[in-house]
Amino acid sequence: MLRLKIGNIWVEVSEVDIPVVLRSPVFLTNEKKIPGSFLFNFTLPYTDALKTELNFIHRPSRKGKPVVSRAFELHFGPLHFSGTASITSINETQIEVSMPVDTGDLSKALKSYTLKDIGLDDEVIYSPDLSITNLVESYFDVINDDSYFVREIDIKPDTIRLDPDHFYNLTAFTWTIPYAASFNLKVILNYEIMWGGPIFLNIYKNNVLLDSVNLPQVYGTPHGLYSHIYEAVHNFAVGDVINIKLAIGSLLIQSGVFRTHGSIVSGTMVIIDPENTPFDNIISSQYPDVNYAIFPLNNTQTLNNIPDTFYRIDYSDIRDNHSKLATYINYFRNGKFPWVVSGTQNVVSYAMLNLFSPYPYVAAIIAKLFSFIGYSVNNNLFETNDLKQLTLIHNTIINNYFYDETPFLLSDFLPEQLLSDFFRDLCSALGITFKVNSLTRTITLAYYDDIIADPTSVEFSDNISVAPTLTPESFNGYKIEYKAPSCQYINDYVKSLEGLTIKGTVNIFNQLPPGAAINDCYYVTSRKAWYIWNYDTELTVLNWIHHSFDHPLIQETIDENSEDQQFSMEMPLNTILMDYHHPVDGAGDKTINSGLRGWITPAWFTPCNFRLLPESSRSDDSLALLFYRGMVNDSNDETYPLGSNTVYDYDGNVIANQALTINGAHGIYETRLRRFIEFMLQSPGDYTFKKQLTPIEIANLDFFRWHKIQGVDYLLKEVRFNIRFDHITTAEITAIRRNMEPTI
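In my numbering, each number is its position in the sequence shown, counted from 1, plus 142.
Worth flagging that the hints you see were computed from the coordinates, not collected in a lab.
Yeah, the Cβ is synthetic: ideal placement off N, Cα and C, and Gly gets one too.
Don't take each hint at face value.
Label-pair ranges, simulated between beta-carbon atoms [claimed, not checked]: (1) I644 <-> L612: 17 to 27 angstroms; (2) D159 <-> I515: 57 to 67 angstroms; (3) T316 <-> A807: 53 to 63 angstroms; (4) N618 <-> D678: 21 to 31 angstroms; (5) A379 <-> D563: 20 to 30 angstroms; (6) N633 <-> E558: 19 to 29 angstroms; (7) G646 <-> N795: 22 to 32 angstroms; (8) G657 <-> S427: 49 to 59 angstroms.
Given these sequences and hints, build the entire structure.
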């Protein structure tokens with residue numbers, strides 16, 4: 143018998159008729175979304191008990207969505223659905239209810255939060271005390287390199303009312319020393335005294351008085367405005383604590399008011415110790431030991447959001463310098479992420495800050511995401527060797543040119559994207575689908591290809607009342623389309639091969655023939671790029687010209703003689719391009735004074751956002767995927783951390799199994815989608831049949847398993863039936879069979 147609980151009460155169900163639609167998550171909808179399962183709209187008597195439960199609501203909502211939500215439980219013998227019921231319509235006698243279950247119920251939970259909400263609050267171990275606003279010549283390769291930085295902290299106006307014979311200490315500034323250094327402490331005070339007494343500026347180190355200055359003051363004068371600058375050099379060790387206090391002594395002529403306002407500026411010369419560089423503990427660690435990776439990413443547009451000449455160092459424009467001389471985020475050299483990147487060009491010396499950004503591991507995000515909404519993950523593919531080093535790339539950086547005391551958390555680098563959109567797009571990009579059990583609040587992940595390749599099946603022949611009949615539908619080919627993240631690099635260097643004459647493949651550039659016909663095209667393996675014979679504007683002759691990197695955004699086959707539609711899959715969350723060879727400069731580190739080392743890095747030319755950037759200057763948040771491949775050798779046999787969308791290191795060695803590109807032996811199509819797409823192309827259409835399902839059969843339905851009917855295997859797409867007070871109606875089932883003829 144049917145039992146239904148909404149909120150805290152069991153409701154009247156003697157006349158209820160609940161339409162149930164269970165949909166397989168293996169087959170996308172026309173909107174390219176993973177379908178959900180539902181107990182679709184049905185009516186219930188609006189009893190006094192329900193009125194009390196719903197607080198006598200006469201319509202669902204006065205504002206926003208016309209829905210009232212309550213937890214529900216449905217029991218029919220061993221069959222049990224649970225989740226959140228939506229009351230969509232109410233009148234005096236009845237209410238209308240719908241209930242998402244399983245995938246639909248999960249989707250509803252995921253739509254309630256964004257990536258910023260999940261609490262990925264790992265602190266990024268980084269020292270903002272080395273924020274530099276006045277930068278002089280710095281050479282990060284030189285030991286005991288000197289750099290300057292200035293910290294400025296405003297003191298809010300304070301009013302201190304003093305009683306006679308009392309001593310008052312006002313702590314104006316506290317700072318923990320990040321580096322052993324000789325500090326030039328400079329304190330600027332502007333203050334007003336009304337009937338004041340003696341005033342002292344006291345400097346403390348580790349709560350021990352280091353220096354004390356008697357500030358100018360007056361006795362008996364009704365009103366006085368004064369300024370004072372204190373400046374002195376002191377030596378400090380790492381971890382020393384500086385306290386700057388204003389002390390008002392006890393020799394007061396009478397009660398008065400002391401007011402101060404202004405700022406404290408502490409400027410210092412810091413010895414940048416090459417042994418004390420950021421992210422040292424991250425370099426040798428990977429997930430699950432740490433939740434984010436740091437690796438170089440080439441971006442000539444990192445600071446493009448900063449207005450012109452907003453930052454200048456002498457005659458240098460920082461934005462321009464970073465776009466030409468220090469184009470990398472997380473620049474790495476000589477075994478470290480240096481604080482300062484410097485060098486000489488055309489007899490002019492330049493020094494720039496290294497701009498940093500942590501890239502969270504997707505596995506860490508997934509673990510935190512589902513824990514946050516109260517689910518657990520079975521068969522967590524993101525924890526396997528193929529995917530556990532997958533990272534999420536974003537366009538948010540730590541901008542050292544701004545001083546910012548607030549610690550950086552990983553959540554600071556995540557966009558306000560709905561969890562439902564992120565998880566759906568992530569699974570689509572990797573050929574993954576998922577099923578949900580709302581009762582146990584568990585999620586099971588699977589690759590499309592693995593479901594199709596499973597040779598086993600469960601018997602499903604009993605109680606079939608209408609044999610499977612075919613509704614013919616076929617495809618004339620397939621199309622996989624990657625939606626590339628906004629990137630000028632891709633716009634410039636990834637182009638269609640349409641209209642070109644493909645002649646073949648050579649291993650190196652020098653193997654290209656000395657002449658050819660216009661628009662003849664060869665693929666050069668070592669440069670991962672296509673070259674065409676055309677007019678060279680640089681040399682003003684016909685020559686082999688770089689046409690496009692090998693990063694196809696679309697892979698498709700089509701039978702042009704067929705009128706059938708294509709089977710299409712869209713990958714909205716994509717990877718970014720690798721910078722193997724610049725068309726002009728060739729391979730290598732493009733940073734000033736890089737030593738001509740060759741390496742490969744991801745390239746993403748897009749403006750970045752950072753904390754304290756005015757909202758009017760911000761770009762849209764953008765996401766992409768990359769693997770962190772660990773430490774690999776560059777052309778000088780020195781190691782560096784490699785972020786990559788391929789399985790190759792700089793020397794072309796295969797160092798992994800899974801790539802993020804569409805094509806190739808390690809690409810997404812070959813490793814994760816080929817079997818599934820071939821299965822869809824071979825299918826003649828959907829088969830529909832009817833079967834009387836028992837409650838226990840419904841409870842055990844598994845859309846990831848093949849179901850055998852009279853010797854033929856079917857993969858279920860949709861199961862429809864109605865639940866009534868005392869029975870379950872015959873189910874109508876849609877399925878796709880394996881590539882063989884049915885026998886019934």
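Compare the structure with the hints numbered earlier in the document and write down the numbers of the violated ones, lowest to highest. As far as the earlier hints go, 1, 2, 4 and 5 are violated by this structure, in ascending order.
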